[in-house]
Amino acid sequence: MDNSTVEKRKYKRYNVTDFIVAMCSNKLGRVVNISENSIAIRLYGEDLTSLPEACTTSLLTVAKGFLIEGLPLKIVRKEGIPNTPIGTVAAKFNTSEVAQLGIIKQYISGLS
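For what it's worth, this note's numbering labels the leading residue of the sequence shown as 2, then goes sequentially.
No lab work stands behind these hints: they were computed from the structure.
Values in this document were obtained by computation on a predicted structure and should not be read as measured data.
Here are the simulated DSSO-like pairs of lysine-lysine, each with C-alpha atoms no more than 30 Å apart in a straight line:
hint : residue 1 : residue 2
1    : Lys13     : Lys65
2    : Lys75     : Lys65
3    : Lys106    : Lys75
From just these sequences and the hints, can you work out the full model?
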């Protein structure tokens, strides 16, 4: 039996090629990938360890007119890049608001 790690996710992750801007706790970032329940954001800032366990973000891309304001996130992982002010956070969408989730699903449907 192969001992390699098997990724088990409820929703498929999609790489984001559009330039989607995200802001989390006063740190500016770019969305790397997205699924129906989570997101990965490359953040630019001094110290990712100071990020709270939860934050609210707004996502914006001009290319496709995609905008979500006040989207609550629960941070599940923080990874800094050594000797740089850049890092990636993985977060789950911490909302059940139908309108916000609908916008995310609509955006994802354009990626598949």
